[in-house]
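> Here is how the chains run, residue by residue.
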Amino acid sequence: MNENKTPKRHLGLKASSAISNTVIHVLLVIISIIWLIPFVCIVLQSFRVESTYQVGYVIPKQWGLDNYIKLLDTNFPQWYFNTFICAVVVSVTQTIIVLCMSYTLSRFRFKLRKALMQFMLILGMFPGMLAMIILYRVLDDLHLTGQYGSSVPGLILVYVASSGMGYYVSKGFFDTIPKSLDEAARVDGATRAQVLTKIILPLSKPIVIYTILTAFMGPWGDFVFARYVSQMFPGAMNVAVGLQSWLATDTMTFNNYTLFCAGGVVVALPVAILFMCLQKYYVEGVTGGAVKG
Amino acid sequence: MATVKLTNVKKVYDNNVVAVHDFNLDIKDKEFVVFVGPSGCGKSTTLRMIAGLEEISGGTVEIDGEVVNDLQPKDRNIAMVFQNYALYPHMTVYDNIAFSLRLQKMPEDVIYEKVTNAAEILGITEYLLRKPRALSGGQRQRVAIGRAMVRDSKVFLMDEPLSNLDAKLRNQMRAEIILLRQKLNTTFVYVTHDQTEAMTLGDRIVIMKDGFIQQVGTPPEVFEMPKNLFVAGFIGAPQMNIIKTELKKQGGEYSVSPFGVKFAVDGEKGAALKAKGAKEGEICLGVRPEHIVLAKAGQGIPCTLEVNEMMGSELHLHVYTEDGTRLIVRVPTVGLDAKEREGLKQGAKVWITFESKVMHFFDPETTENLLN
Amino acid sequence: MKRLTDLEYLMLPKWNKFWYKFIMFFVDIPANLWNGIKGIGGSIASFFKAIGREFADIGKTFAEGDWKTKTSFLVMGFGNIARGQILRGVLFLIFEVVFIWYMITPFGGAYWVQMLGSLGLQGPEKGYDEILDQYISIPHDNSFRILLYGVLTIFFIVAFIYTWRVNVKQNKIAEEILKSGKKLRSGKDDLRSLVDDQFHKTLLALPLTGILVFTVMPILFMILVAFTNYDGAHNGYTNALFTWVGLDNFKTMFSWDVGGVNYAATFGEVLTWTLIWAFFATFSNYFLGIFVAMMINKKGIRVKKLWRTILVLTIAIPQFISLLYVSKMFTLNGLINGALLNFGLIDKAIDFWGDPMLARIMVIVINIWIGIPYLMLIATGILMNIPADLYESAKIDGASGWKQFSKITLPYMLFITGPYLLTSFTSNMNNFNVIYLLTGGGPTNPAASGASGSVGFTDLLITWLFKITTGSDTKYYLASVVGILVFIVVAFISLVVYNLLPSVKNEEDFQ
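Residue numbers (the working numbering), protein chains in the order written: chain F, 1 to 293; chain V, 294 to 665; chain D, 666 to 1176.
Simulated from the structure, these hints should not be mistaken for lab results.
Each residue gets a CB set at the ideal place from its N, CA and C atoms; glycine is no exception.
Some hints here could point you the wrong way.
[To be verified] Each computed PhoX-like pair below joins lysine-lysine, with the alpha-carbon atoms no more than 25 Å apart:
hint, chain 1, residue 1, chain 2, residue 2
1, D, K837, D, K725
2, F, K114, D, K866
3, F, K198, V, K424
4, V, K476, V, K298
5, V, K303, F, K111
6, D, K714, D, K686
[Stated by the list, open to error] Sample of chain F residues at the chain V side, in silico, Cβ under 10 Å:
hint, residue
7, P178
8, L181
9, E183
10, R186
11, V187
12, A190
13, P202
14, P206
The following block holds chain F by itself, in its conformation from the complex:
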């Protein structure tokens, strides 16, 4: 790293670099432990049979799958189903909408383009929750809320409808594909639609996967709006609202703590595995997005 004036100092540097590397390794191990502890604990406690409340130790005294079996008797499968359907539908439709939006804003120079982008920027400064209050009431009017049975269609509608606003990352990606490719294809006889399907999309695999992945993960973590729409009807909740409701008060925590752990593991496992498999694309999207702003 540093310039070295004499060979002796050079040796010293090598040694100091070895020391600093050791220090960093130790630091990294500590960081890893801190980062992993909650996850290890949640998994271990989900197997605890002897008590349902919080305890001061991690390793269960008595191991078993009781908590997982008990999950089946709760509304958990319904929550899981609700969330899963949401996630699947949203990941497809939202991706289509986001790609339409970002491709257009990246490639077309129409009259109101700049104004449109500025407008959406300003729109994004309003807290989204403000819109949720009224959307919740509208959905209620349309009989799409918890008291009418299922909240899934309403949730999907709202998740997808405004998703055009989240075009930044994929637009940033499209911007990096040279425009001359579009032009070459248009000269070659392609319509704009063909340019999109035959040139741009095949080149955008990473960002398409990124968009699908983030869209899929969104509904698993949504808490606020799902809570509004479910109106706290157990059958209409998604996993986030449902699992939170198990820990809402101290008494409930006392009864449901290990159950929550088991539920958490069941929710996290498939999502985390999917994420880890597609990690590469996620990283590409996140870094690209931050650089492009």
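Please arrange chains V and D on chain F, whose structure you already have, making use of the hints.
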């Protein structure tokens, strides 16, 4: 095989920058026209307006007599080669070349025929199954040309196709484009910033600056009769020397006296000046470096040698006169013996003289050639 | 202070350079402000000019147009149909018919717009029926629907006026085209252009409709709600109508005493904490993330991929699970206290969520745990993109490791991630999940508990807003006021930063 006609074509960008002013040009069938000029002169914009990639703000573009202003690029029946080649990275070379044919829904066996044929001509047959990433610059260039070739289009547009290649490859590809042109026998519009390319390739050259056409003409025309100071400076390398001096008329004969040395303007140029009735007064005298010759010591204009560039077959001498004017002199090495060459060192005194037959005269105010 | 030329500026000592810039920033504020106002004024003026031009053009089109054009002023699309552009004409006509039908139908557009002024006259109270001699429910207005459909109808009217204008313009263009001897586009051409030169319209139709209906309309609605008395007791359809109250709600929010509650102080307190939180949450993550990324990427560090994967795990697992779980880990009888007690490190359980200061520190620390992995990924990507020759030339210039970091790495990062920092600051201001799932806003602030939604010490404006709308007295109007104030704060910060950052300004720079 088509004519291209541009009438009062204008390009104004959204921010009110005018890129092209009132462009008029008739391109004949099978003609090779080169647009040349410094960057930002509007040459690429004009080409892209012909291609349909850039909206036309005013005037009309006709291809084969049909106004194409509102047609999409795909409906104009043109082919284009881009500066950065614009090969589709996810397709093989074969698919790249076949792309336009597939869009036309041509049968696959015809496509095969055409693509392999083009690949043969361009010598890229062995790379047909590679992706563009695995090709060298020159090979990519060929693929790009191949892609344009197979379309049998009316007009062939090329936007600085050689500027991404290294010097050696560029010379080679230039020759190949000449051959290609003979084979295709179609109308070409070629954009470049390199005057050598323009001179060697074009049937006619369109020299542009700041969105205005400066001169349209064949290569000899623009070289021998540059319409104004800009063209004079742009065409020819090294640049033409421009010297401020006075035009005098004595007894019906014109003369100039740069640096106190008198040169009679006789012959063709003199006759032409007479025919134009040129007045006495300040002018800009243009002398190409190859039209300055070294004179014997003590004869002609005394100069000091500043830099001597050895180009192989010739020397480029950068000299300055006694009043500090810098001039470039091109001296063929053939005529010099070792001792003479030795003498051309930095700081050496040299004497030069001009070939008065090939001088150019420009109005210092309008920058126009006096013989226009 | 005198403005310096570039050369004079370069001659200043280092510290003076900094002060010069700093002072100049404030010196420039009035001028910039004035320019901004001028810019806004200019755009308003040009807007009205444009409207004027439109009217002039409409008049000219009518005066100079043929009978087909003139008829189109009343019957939309007539000109198109008469000139053979059947598809366009029929679409115009259908739109006009639908619009007129919607406006005149009972309880249609006219009703909603008309009611917008009062938000309903007849409330849902029971009326006395003399024949039945009892109180029965009678047909009544619905304030909520009036406001909602009123806004939608206004959207619709604007759309209609725009379409009508397009219809007129098309007649003019068509006349010009026919005059010059060219042919008009057929319906087939129109359809084809929707996948070609007009493809952007096709692509944008669906996303923009979604945004219009599900984002713009609700936000507009809620802005309007801030000027009404819409709350749980006046919900407009089951108990009582709500109506316009002007600026009363804003007055409430900025009053020192409303029925014993000091809203202004509460708002100030929550806003202050929101800003403190956003600042620490953003920058702690940012610098620690860079630090971790640099550690992992340092030459000689083994199993880089493992470290990265472990960190990324926090992103992979849905946030609500990790947040809820960690929140429980730190409760009085949680794992951490249990472990500490077991090891004998403490005698009494620490009340992590009960003490205001401790709770605030905890949310920031836990947010670091959540946030570092994102920043680590981003920083890694950028670090790899820093041109190596920058470091090489720095080394040749004799820069030490620290110098290289402070003179190259950090400025480069800051430049590239400037816009990201801005958005992450504003999104942290609205970071509902972390706060709500960790503390639920608690511990309760006794001084502010009288304010709607029982405000806690870790409450952000956004969680306060949520509590107002879900608490016992759902004061939607107050929530709207808070929402609008959040917008103003975010917009102000963005505007200031946007003007200071070089890298946000030009999107085409990246292309």
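> Next, verify each hint and record whether it holds.
Each hint, compared with the structure:
For the suggested pair K837 (chain D) and K725 (chain D), the alpha carbons sit about 9 Å apart, so the restraint of at most 25 Å is met. Distance restraint check for K114 (chain F) and K866 (chain D): the Cα-Cα separation of roughly 15 Å lies within the 25 Å cut-off, and the hinted pair is therefore satisfied. Under the criterion of a C-alpha separation no larger than 25 Å, the hint pairing K198 (chain F) with K424 (chain V) is consistent with the structure, at around 16 Å. Using a Cα cut-off of 25 Å, the hinted pair K476 (chain V) and K298 (chain V) holds, with the two alpha carbons roughly 24 Å apart.
In summary, the hint linking K303 (chain V) to K111 (chain F) is supported, as the alpha carbons are separated by about 19 Å, within the 25 Å threshold. Restraint check: the Cα-Cα separation between K714 (chain D) and K686 (chain D) comes to about 39 Å, which exceeds 25 Å; the hinted pair is violated. Checking P178 (chain F) against chain V: minimum C-beta separation of about 7 Å stays under 10 Å; hint holds. With a cut of 10 Å, the hint placing L181 (chain F) at the interface with chain V holds, because the nearest CB-to-CB distance is about 5 Å.
This hint holds: E183 (chain F) has a C-beta 5 Å from the nearest C-beta of chain V, less than the 10 Å allowed. Residue-level restraint check for R186 (chain F) holds (minimum Cβ-Cβ distance to chain V is 4 Å; threshold 10 Å). Proximity of V187 (chain F) to chain V holds as hinted, the smallest CB-CB distance being about 5 Å (cut-off 10 Å). This hint holds: A190 (chain F) has a C-beta 6 Å from the nearest C-beta of chain V, less than the 10 Å allowed.
With a least beta-carbon distance of about 5 Å to chain V, the hint placing P202 (chain F) at the interface is held under the 10 Å criterion. Hint status for P206 (chain F) relative to chain V: violated, with the closest Cβ pair at about 12 Å, above 10 Å.
Violated hints, listed in ascending order, are 6 and 14; each of the other numbered hints is respected by the structure.
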